[in-house]
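Novice: One letter stands for each residue in the lines below.
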Amino acid sequence: MIRFTALPVLAVLSVLVVPAVAGANPGRDAILAELSAQAKDQASGFAGFDAGRGDVLFRHRHTGGKPATPACTSCHGPSPIQAGETRAGKVIDPLAVSRTPERYSDPEKVAKWFRRNCNSVLGRECTAREKGDFITFMTSQ
Amino acid sequence: MRTTLFALGTAVLVAAAAPVLADRPLPPITNDAVSKECGECHMAYQPQFLPRASWRKMMDTLPDHFGEDASLDPVTAGNIRRYLEDNAAHTKGNSWARKYTRARANGAPLLRISDTRHWRHEHDELPKEAWSDPRVRSKARCDACHIGAKAGDYEEDNVRVPGPNNTWINWDD
Numbered sequence: 001m002i003r004f005t006a007l008p009v010l011a012v013l014s015v016l017v018v019p020a021v022a023g024a025n026p027g028r029d030a031i032l033a034e035l036s037a038q039a040k041d042q043a044s045g046f047a048g049f050d051a052g053r054g055d056v057l058f059r060h061r062h063t064g065g066k067p068a069t070p071a072c073t074s075c076h077g078p079s080p081i082q083a084g085e086t087r088a089g090k091v092i093d094p095l096a097v098s099r100t101p102e103r104y105s106d107p108e109k110v111a112k113w114f115r116r117n118c119n120s121v122l123g124r125e126c127t128a129r130e131k132g133d134f135i136t137f138m139t140s141q
Numbered sequence: 001m002r003t004t005l006f007a008l009g010t011a012v013l014v015a016a017a018a019p020v021l022a023d024r025p026l027p028p029i030t031n032d033a034v035s036k037e038c039g040e041c042h043m044a045y046q047p048q049f050l051p052r053a054s055w056r057k058m059m060d061t062l063p064d065h066f067g068e069d070a071s072l073d074p075v076t077a078g079n080i081r082r083y084l085e086d087n088a089a090h091t092k093g094n095s096w097a098r099k100y101t102r103a104r105a106n107g108a109p110l111l112r113i114s115d116t117r118h119w120r121h122e123h124d125e126l127p128k129e130a131w132s133d134p135r136v137r138s139k140a141r142c143d144a145c146h147i148g149a150k151a152g153d154y155e156e157d158n159v160r161v162p163g164p165n166n167t168w169i170n171w172d173d
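In order, the protein sequence lines correspond to chains A and B.
Those letters in the first sequence? Residues 1 to 141, per my numbering, in order.
Those letters in the second sequence? Residues 1 to 173, per my numbering, in order.
Calculated from the structure, these hints are not laboratory results.
Each hint should be verified, as a subset may be incorrect.
Taking lysine-lysine and the BS3-like style, the derived pairs with C-alpha atoms no more than 27 Å apart in a straight line are [said to hold, decoys possible]:
1) K66(A) <-> K109(A)
2) K40(A) <-> K112(A)
3) K90(A) <-> K36(B)
4) K112(A) <-> K128(B)
5) K99(B) <-> K139(B)
6) K36(B) <-> K57(B)
7) K109(A) <-> K128(B)
8) K99(B) <-> K150(B)
9) K150(B) <-> K36(B)
10) K90(A) <-> K150(B)
11) K36(B) <-> K128(B)
12) K99(B) <-> K109(A)
13) K99(B) <-> K66(A)
14) K112(A) <-> K99(B)
15) K109(A) <-> K90(A)
16) K66(A) <-> K139(B)
17) K66(A) <-> K90(A)
18) K128(B) <-> K90(A)
19) K112(A) <-> K90(A)
20) K112(A) <-> K57(B)
21) K40(A) <-> K99(B)
22) K150(B) <-> K109(A)
23) K139(B) <-> K128(B)
24) K99(B) <-> K57(B)
25) K90(A) <-> K40(A)
26) K57(B) <-> K66(A)
27) K57(B) <-> K40(A)
Computed beta-carbon distance windows for the label pairs [as the list claims (entries may be wrong)]:
28) R53(A) <-> N170(B): 50 to 60 Å
29) P74(B) <-> Q42(A): 45 to 55 Å
30) R53(A) <-> P109(B): 16 to 26 Å
31) D157(B) <-> S105(A): 41 to 51 Å
32) A88(A) <-> N79(B): 36 to 46 Å
33) E34(A) <-> T167(B): 32 to 42 Å
34) P78(A) <-> E40(B): 18 to 28 Å
35) T100(A) <-> K57(B): 29 to 39 Å
36) A30(A) <-> N106(B): 27 to 37 Å
Backbone N, C-alpha and C define an ideal beta-carbon position, used for all residues, glycine too.
Okay, chain A solo, but in the shape it has when bound (with noise of 0.2 Å):
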């Protein structure tokens, strides 16, 4: 009996620890398993992000948005391992997770700038499952 009810247990302990361990920072979890959440209620077939459709909303160029900026890589540069630069000809910080630990980790900035740039690029808001394709991209840079 005893071993049949420890087992659940330490697959739920596993499953917190792991993420721990890959360093992974919990801002940026919590974001996620709320973008997860969202994805899950807008389409009923969500089964997880992928970094690879994250890739393709980064490179694409996009219509229906504003002009000036028909893609992501218009301000963020074609690398997410580089350095950006606004129009005005501001430094943005490399995207990747890898060069600017702190990125996706803040829920009020992260909204701020999704809201912003997708309206400025694709002309409308990004979905849950495009922003959380996105992360997980950046995140695996």
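Based on these hints, arrange chain B on the given structure of chain A.
Specialist: Chain B alone, transformed into the frame defined by chain A:
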């Protein structure tokens, strides 16, 4: 007698120094939200460079700010709007600021400091190449040339322009 003279002398000194202190440099921005939120994509411009009507229009149009979405939550936007309006061109006795009170074209408030008549006048001696240089590229990048711009220092002895072979030339040389 000596104390009266001393007091008088001090008063004269203070009176002579006061306009200088009030004029140059422009006072630093003392509102954290303005420094942070209006300094993310470019330096935070001193509110003294545009009149109230311009700041009002700017804050009304943040979702389409020079071709970008720069929108803010309503509480932060309200706080910033108040500071910009309270310190706009004609509100303080700063003699630089007073020059920027007329900022309209065809009756509409100008949104660019660099479109105001006084700004254009101050910069009309600069060669065209100064603006197209990759290190400047935009008139909005005051801090490329005015090294002390963020602190409100636009003095002529602290400004440089791009020169050949990636060098900078001090303007007063």
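Novice: Take the hints in turn and mark each one as holding or not.
Specialist: Hints, one by one, checked against the model:
1. Proximity of K66(A) to K109(A) is assessed by CA-CA distance (about 22 Å); at most 27 Å being required, the pair is judged to hold.
2. Using a Cα cut-off of 27 Å, the hinted pair K40(A) and K112(A) holds, with the two alpha carbons roughly 22 Å apart.
3. Proximity of K90(A) to K36(B) is assessed by CA-CA distance (about 14 Å); at most 27 Å being required, the pair is judged to hold.
4. Among the hinted pairs, K112(A) with K128(B) is inconsistent with the structure: their alpha-carbon atoms are about 37 Å apart, more than 27 Å.
5. Restraint check for K99(B) and K139(B): the C-alpha separation of about 19 Å stays at or below 27 Å, so the hint holds.
6. Between K36(B) and K57(B), the direct Cα distance comes to roughly 20 Å. Compliance with the 27 Å bound is thereby established for this hinted pair.
7. In summary, the hint linking K109(A) to K128(B) is not supported, as the alpha carbons are separated by about 38 Å, beyond the 27 Å threshold.
8. The suggested pairing of K99(B) with K150(B) holds, with an alpha-carbon distance near 20 Å, which does not exceed 27 Å.
9. Taking the CA atoms of K150(B) and K36(B), the gap is near 12 Å; set against the 27 Å cutoff, the hint holds.
10. Distance restraint check for K90(A) and K150(B): the Cα-Cα separation of roughly 13 Å lies within the 27 Å cut-off, and the hinted pair is therefore satisfied.
11. A hinted pair counts as satisfied when its Cα atoms are at most 27 Å apart, and K36(B) with K128(B) does not qualify at roughly 32 Å.
12. The hinted pair formed by K99(B) and K109(A) fails the criterion: a straight-line CA distance of about 37 Å is larger than 27 Å.
13. Of the pairs offered as hints, the one joining K99(B) and K66(A) is violated, with about 34 Å between alpha carbons and a cut-off of 27 Å exceeded.
14. Restraint check for K112(A) and K99(B): not satisfied, since their Cα atoms lie roughly 35 Å apart, outside the 27 Å limit.
15. Between K109(A) and K90(A) the CA atoms are separated by roughly 18 Å; this keeps the pair inside 27 Å, and the hint holds.
16. Pair hint K66(A) plus K139(B) holds up; C-alpha atoms about 21 Å apart against a cutoff of 27 Å.
17. Restraint check: the Cα-Cα separation between K66(A) and K90(A) comes to about 20 Å, which is no more than 27 Å; the hinted pair holds.
18. Distance restraint check for K128(B) and K90(A): the Cα-Cα separation of roughly 22 Å lies within the 27 Å cut-off, and the hinted pair is therefore satisfied.
19. Between the alpha carbons of K112(A) and K90(A) the distance comes to roughly 18 Å, so the proposed pair stays at or under 27 Å and holds.
20. Restraint check for K112(A) and K57(B): the C-alpha separation of about 21 Å stays at or below 27 Å, so the hint holds.
21. Between K40(A) and K99(B) the CA atoms are separated by roughly 57 Å; this puts the pair beyond 27 Å, and the hint is violated.
22. Between K150(B) and K109(A) the CA atoms are separated by roughly 23 Å; this keeps the pair inside 27 Å, and the hint holds.
23. Distance restraint check for K139(B) and K128(B): the Cα-Cα separation of roughly 11 Å lies within the 27 Å cut-off, and the hinted pair is therefore satisfied.
24. A hinted pair counts as satisfied when its Cα atoms are at most 27 Å apart, and K99(B) with K57(B) qualifies at roughly 20 Å.
25. A C-alpha spacing of about 37 Å is found between K90(A) and K40(A), which places the hinted pair above 27 Å, so the restraint is violated.
26. Pair hint K57(B) plus K66(A) holds up; C-alpha atoms about 20 Å apart against a cutoff of 27 Å.
27. Using a Cα cut-off of 27 Å, the hinted pair K57(B) and K40(A) is violated, with the two alpha carbons roughly 40 Å apart.
28. With their beta carbons about 51 Å apart, R53(A) and N170(B) fall inside the hinted range of 50 to 60 Å.
29. Hint check: P74(B) to Q42(A), Cβ distance near 25 Å, so the stated range 45 to 55 Å is violated.
30. Separated by about 43 Å at the C-beta atoms, R53(A) and P109(B) break the suggested range of 16 to 26 Å.
31. The beta-carbon spacing between D157(B) and S105(A), approximately 43 Å, falls within the hinted interval of 41 to 51 Å.
32. Look at A88(A) against N79(B): about 23 Å separates their beta carbons, and that is not inside 36 to 46 Å.
33. Here the CB-CB span from E34(A) to T167(B) is close to 51 Å, at odds with the stated 32 to 42 Å.
34. The hinted window of 18 to 28 Å between P78(A) and E40(B) holds, with their beta carbons roughly 21 Å apart.
35. Range check, T100(A) to K57(B): Cβ separation about 35 Å, and the 29 to 39 Å hint holds.
36. Remark: the range hint 27 to 37 Å for A30(A) to N106(B) is contradicted by a beta-carbon distance near 50 Å.
Hints 4, 7, 11, 12, 13, 14, 21, 25, 27, 29, 30, 32, 33 and 36 from the list above are not met by this structure, while the remaining hints are.
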